[in-house]
Amino acid sequence: MSDQQEIFTLPDGSKVSTGCVAPTPAERALVADVPVYGEEFYLDASDIEKSLKNDVYKQMRKRRQAWVMNQANLGKCNASATVNAFHNRRELDGLPHIVLSDCYLYMHINRGKDQGSLLQDGMEWSKRGIAPRKLNLNGESYTIPHNIYLKNQMPENWYKAAQEASFKYTTFEAYKLPVGDYKTFKIALASALARDHQVVHAWHVGNNSMKLRNGYAVQGGGVGNHATLFHSGKWVGGEDLVHPDIENSWGPSLNPMYGPTGTQGWGEGGFGLFTMQDAFQCTKWHDFWVFVGNKVRE
1 MSDQQEIFTL PDGSKVSTGC VAPTPAERAL VADVPVYGEE FYLDASDIEK SLKNDVYKQM
61 RKRRQAWVMN QANLGKCNAS ATVNAFHNRR ELDGLPHIVL SDCYLYMHIN RGKDQGSLLQ
121 DGMEWSKRGI APRKLNLNGE SYTIPHNIYL KNQMPENWYK AAQEASFKYT TFEAYKLPVG
181 DYKTFKIALA SALARDHQVV HAWHVGNNSM KLRNGYAVQG GGVGNHATLF HSGKWVGGED
241 LVHPDIENSW GPSLNPMYGP TGTQGWGEGG FGLFTMQDAF QCTKWHDFWV FVGNKVRE
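Anchor point for the sequence shown: position 67 equals 67 in my numbering, and the numbering is continuous, going up by one each time.
FYI, nobody ran anything at the bench for these hints, they're computed from the structure.
Keep in mind that the hints are not guaranteed to be accurate.
[Unchecked claim] Subject to a maximum C-alpha distance of 30 angstroms in a straight line, what follows is the list of computed DSBU-like cross-link-like pairs (lysine-lysine):
hint: 1; residue 1: Lys127; residue 2: Lys113
hint: 2; residue 1: Lys15; residue 2: Lys211
hint: 3; residue 1: Lys211; residue 2: Lys127
hint: 4; residue 1: Lys15; residue 2: Lys183
hint: 5; residue 1: Lys234; residue 2: Lys58
hint: 6; residue 1: Lys62; residue 2: Lys15
Predicted model only: the values in this text are computed from it and were never measured.
Let the hints inform the model, and build the full structure from the sequences given.
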């Protein structure tokens, strides 16, 4: 188990894992030329307010409650957050809801071990495709298990079927959120959430992060060991503009297609707010990724 993958215990006694690996400077340099989520996307504060006022994030929680994932004790948080982004954007793009396999993504980005993954690897692979959990081949069906992390843990014929199916579920170009200064970061993130663009990010989880505090996630001090999704945000105005809302992957899952069921999960039905300053904390070590939509391939 790596330093970035730790097992924690939620208040109901269920075990959950982190698994977001901080890139080395050399690894981060590999994505230096990836397009930045730039000024062409930025909105005026008044337009951000129009989009997110009246607690729109609560409506989004209700729409997405049925899709909350539970990674349990695998270090696949990055893959789960990326799949959450796909699910949400597919609905917003008017596409059918297809449950995608975070384990399929994880086995391609974890470098052969259950020790977590880099955010940048998840977003790079999302341009190649993520397989559905349920596969069909020659009149038979197979569901990719929720607790595997290696290709050879799948029957070879079903792995090949998953590869073929994955090409239908890809993203457009991934954008890096600008993280060089707080002012630009704030406008970019607030604009992304106002546009319903999905943001995969890192934050640092500690033992005190298992419960919300007045509706807000509690972040520990560290480089960022857990990946989740900013799926929407709360308009607060003032200096912060928006407080992002997390869609986590620690349950409660309501359907076994999204992970183990029967737990109380984390936060408010799997969700929790973040302050803008807390959102910025781990940008020193991680690039955050903006997912703007799906490519449709027949």
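Verification of the supplied hints:
1. Lys127 x Lys113: 22 angstroms, holds
2. Lys15 x Lys211: Status holds; Cα separation ~14 angstroms.
3. Lys211 x Lys127: 34 angstroms, violated
4. Lys15 x Lys183: Violated, because 37 angstroms separates the two Cα atoms, which is more than 30 angstroms.
5. Lys234 x Lys58: The given pair, whose Cα atoms are some 9 angstroms apart, holds under the 30 angstroms limit.
6. Lys62 x Lys15: Answer holds: Lys62 to Lys15 is near 25 angstroms, not above 30 angstroms.
Hints 3, 4, counting from the list given before, are not met by this structure.
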